[in-house]
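Take a look at the letters that make up each chain.
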Amino acid sequence: MIQVDNVQKRFAEQEVLRGVSFEVKQGSITTLIGRSGAGKSLLLRHLIGLDQPDSGRILIDGTDIVGMRTSELNGIRRRFGVLFQDGALFDSMSVRDNVAFPLREHTKLSEKEILDKAAQKLELVGLLSHGSKYPSELSGGMRKRVGLARALALGPDLVFFDEPTSGLDPITRGAIYRLIESTHIDGEITYFLVSHDITGVMAISDEVIMLHQGRIVAQGTPEGFRTNPDPVVQQFLLGSPDGPIAID
Amino acid sequence: MRSDNFLESSITGILETTQDWLAEFGGILMFLGSFIYWTSKPPYRVREIFRQMDFVGVQSGMLIVMTGAFTGMVSALQGYNGMSRYGAGSLVGATTALALARELGPVLTGLMVVGRVGSAMTAELGSMRNTQQIDAISSMAVAPIQYLVSPRIIATTLTLPFLSVVFGFSGMVGAYIISTEYLHIDAGAFMSGIKDYMTPNDVTQGLIKAFVFGFILSLVACFKGYNASGGSRGVGVATTKSVVLSSVLILFSDYVMTTIMF
Numbered sequence: 001m002i003q004v005d006n007v008q009k010r011f012a013e014q015e016v017l018r019g020v021s022f023e024v025k026q027g028s029i030t031t032l033i034g035r036s037g038a039g040k041s042l043l044l045r046h047l048i049g050l051d052q053p054d055s056g057r058i059l060i061d062g063t064d065i066v067g068m069r070t071s072e073l074n075g076i077r078r079r080f081g082v083l084f085q086d087g088a089l090f091d092s093m094s095v096r097d098n099v100a101f102p103l104r105e106h107t108k109l110s111e112k113e114i115l116d117k118a119a120q121k122l123e124l125v126g127l128l129s130h131g132s133k134y135p136s137e138l139s140g141g142m143r144k145r146v147g148l149a150r151a152l153a154l155g156p157d158l159v160f161f162d163e164p165t166s167g168l169d170p171i172t173r174g175a176i177y178r179l180i181e182s183t184h185i186d187g188e189i190t191y192f193l194v195s196h197d198i199t200g201v202m203a204i205s206d207e208v209i210m211l212h213q214g215r216i217v218a219q220g221t222p223e224g225f226r227t228n229p230d231p232v233v234q235q236f237l238l239g240s241p242d243g244p245i246a247i248d
Numbered sequence: 001m002r003s004d005n006f007l008e009s010s011i012t013g014i015l016e017t018t019q020d021w022l023a024e025f026g027g028i029l030m031f032l033g034s035f036i037y038w039t040s041k042p043p044y045r046v047r048e049i050f051r052q053m054d055f056v057g058v059q060s061g062m063l064i065v066m067t068g069a070f071t072g073m074v075s076a077l078q079g080y081n082g083m084s085r086y087g088a089g090s091l092v093g094a095t096t097a098l099a100l101a102r103e104l105g106p107v108l109t110g111l112m113v114v115g116r117v118g119s120a121m122t123a124e125l126g127s128m129r130n131t132q133q134i135d136a137i138s139s140m141a142v143a144p145i146q147y148l149v150s151p152r153i154i155a156t157t158l159t160l161p162f163l164s165v166v167f168g169f170s171g172m173v174g175a176y177i178i179s180t181e182y183l184h185i186d187a188g189a190f191m192s193g194i195k196d197y198m199t200p201n202d203v204t205q206g207l208i209k210a211f212v213f214g215f216i217l218s219l220v221a222c223f224k225g226y227n228a229s230g231g232s233r234g235v236g237v238a239t240t241k242s243v244v245l246s247s248v249l250i251l252f253s254d255y256v257m258t259t260i261m262f
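Read top to bottom, the protein sequences are chains Y and D.
As numbered in this note's numbering, residues 1 to 248 make up the first sequence, in order.
As numbered in this note's numbering, residues 1 to 262 make up the second sequence, in order.
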């Protein structure tokens with residue numbers, strides 16, 4: 001489904017991605033982990049086509065999206081759902097209109113059908129009664145849930161999550177992970193998460209990939225990750241300040 | 001030795017500033033290209049254009065009426081002060097009308113709209129850029145230029161000539177009241193001066209200027225907001241630069257157009 005092949009990205013003197021390659025299986029929940037500032041979110045932006053790599057290929061179902069024209073890329077993006085770090089909800093629109101936005105843009109449904117569908121998605125994330133509120137009236141966790149409802153509105157087959165639980169309390173974090181698991185349909189929808197919340201993602205992911213110093217240092221099942229002898233992986237899993245990963 | 005260093009740093013400074021200006025100019029041209037490309041493609045967001053016209057036009061109405069009225073009053077007083085020295089005080093209606101139609105109306109409307117609308121557009125788009133809302137629009141396969149920028153530029157460009165007319169009309173009402181009530185100029189003389197000396201061409205020139213100013217200020221405002229970076233401070237800097245650049249470009253283009261249409 002997603003193939004990343006030798007992707008490189010440099011900003012002036014800083015080489016952020018140094019030949020990143022990995023594959024994401026269709027229908028899986030795959031999580032990219034790594035330290036803050038490792039380039040995870042940047043890599044995610046490349047997968048969505050918001051940034052272009054200096055070199056390398058990014059294939060979505062065999063189609064290379066690198067250098068693709070925006071109009072062509074938009075054809076592929078219609079199959080995407082994206083949950084941004086802080087929800088990225090439109091603050092000039094109500095919660096209901098935020099969820100209805102992709103439906104209004106890309107479907108020929110009547111207004112009633114659009115609102116019904118938006119209500120369904122809001123119910124899915126437990127926020128049906130908050131439809132008329134504005135994003136500024138919601139808590140961080142609620143904003144992420146609305147973001148998830150919007151990401152799922154068009155019934156995408158590929159959903160990207162950028163730090164879906166950052167800044168949330170442990171209970172809300174648990175609720176978000178439960179929501180991610182419950183909305184995922186095995187073998188049909190692919191979820192690709194970017195996170196540094198190791199405990200949470202190990203519990204829900206089929207595959208985990210670790211990005212460190214611009215390279216993929218490990219990829220495998222959560223179980224395989226736990227038993228990975230690489231000291232970099234072990235230090236990250238343990239959250240220890242002592243080890244090969246230097247503290248900036 | 002010290003003068004060599006001073007010369008070197010001065011030249012470097014000038015070159016860097018020139019480079020920045022060229023980069024900015026190139027950026028605006030590329031942004032203009034994107035605007036033309038995306039505006040020509042469907043869907044045409046008529047509803048959003050009307051929403052922006054309401055924001056730019058209707059919601060600026062009172063501000064334009066007030067500034068127009070005061071400008072007309074001051075023009076009448078100053079015009080009378082100057083012309084009465086030559087015994088031509090009764091021509092104050094004509095001179096005020098000419099000044100408002102050809103110059104003060106479009107320029108002051110443009111500058112007022114820069115302050116009220118241009119700054120708001122830059123701040124709003126800048127904030128949307130910094131909170132990933134523009135990225136979210138892109139990720140949902142919608143062109144942000146088409147969705148956010150095109151309606152704002154079209155609405156401002158079409159609305160500014162109307163605001164300029166409102167400004168001019170309010171100004172003339174103000175000038176009439178001051179001239180007849182305070183300066184005791186005969187109302188008939190005031191009106192006949194306007195009729196005798198003003199031509200439709202004077203009004204057309206003002207409308208063309210307002211149209212161009214509307215386009216310039218909204219293009220700059222959207223460009224600065226769309227490309228704002230660096231969090232809330234970056235949005236503040238972008239807004240300031242947007243207001244300054246728009247104002248300077250309005251005055252510069254006013255000079256160019258006045259020279260051409262003189």
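Simulated from the structure, these hints should not be mistaken for lab results.
What you are looking at is a predicted structure, and each value in this text was computed from that prediction instead of being measured.
Treat each hint with caution, since some may be false.
Claimed, not checked - Here are the simulated DSS-like cross-link-like pairs (lysine-lysine), alpha carbons at most 30 angstroms apart as the crow flies:
#1 K195/D <-> K112/Y
#2 K241/D <-> K108/Y
#3 K112/Y <-> K133/Y
#4 K241/D <-> K117/Y
#5 K117/Y <-> K133/Y
What the hints assert, rightly or not - Pulled from the structure, derived: some chain D residues nowhere near chain Y, Cβ distances all over 10 angstroms:
#6 F31
#7 L111
#8 M112
#9 S127
#10 M128
#11 D135
#12 M140
#13 V142
#14 M191
#15 G231
Said to hold, decoys possible - To give a feel for the contact side, a few chain Y residues facing chain D, derived at Cβ under 8 angstroms:
#16 L50
#17 F84
#18 F101
Where a beta carbon is used, it is the ideal one built from N, C-alpha and C, also for glycine.
Item to check | Minimum Cβ distance from M112/D to chain Y greater than 10 angstroms, as the annotation requires | outcome: Non-interface label stands for M112/D: nearest chain Y Cβ at 24 angstroms, farther than 10 angstroms.
Checklist entry - Checking the smallest CB distance to chain Y, is M128/D really beyond 10 angstroms? => result violated (8 angstroms)
Checklist entry - Against chain D, with CB atoms and a cut of 8 angstroms, does the hint on F84/Y hold up? => result holds (5 angstroms)
Item to check | Consistency of the no-contact label for D135/D, given chain Y and a CB cut of 10 angstroms | outcome: It is violated; D135/D is separated from chain Y by about 6 angstroms at its closest Cβ, not greater than 10 angstroms.
Checklist entry - Hey, does the F101/Y contact hint survive, CB to chain D under 8 angstroms? => result Holds, because the Cβ-Cβ distance from F101/Y to chain D comes to roughly 7 angstroms (cut-off 8 angstroms).
Checklist entry - Is F31/D truly not at the interface, in the sense that its beta carbon sits beyond 10 angstroms from all beta carbons of chain Y? => result At roughly 14 angstroms from the nearest Cβ of chain Y, F31/D sits farther out than 10 angstroms, so the non-interface label holds.
Checklist entry - Are the Cα atoms of K117/Y and K133/Y separated by 30 angstroms or less? => result Measuring from Cα to Cα gives roughly 17 angstroms; hence the hint holds.
Checklist entry - Is K241/D close enough to K108/Y, meaning Cα to Cα at most 30 angstroms? => result Violated, at about 41 angstroms.
Item to check | V142/D non-interfacial with respect to chain Y [C-beta, more than 10 angstroms] | outcome: The assertion about V142/D is violated, with a minimum of 5 angstroms to chain Y.
Checklist entry - Are all beta-carbon distances from L111/D to chain Y longer than 10 angstroms? => result Check passes; 26 angstroms lies beyond 10 angstroms.
Checklist entry - Taking 10 angstroms as the cut and beta carbons as the points, is S127/D off the interface with chain Y? => result violated (8 angstroms)
Checklist entry - Far enough from chain Y: is every CB of that chain over 10 angstroms from the CB of M191/D? => result Holds: least Cβ distance 47 angstroms, greater than 10 angstroms.
Comparing the model with each numbered hint stated earlier shows that hints 1, 2, 4, 9, 10, 11, 12 and 13 do not hold.
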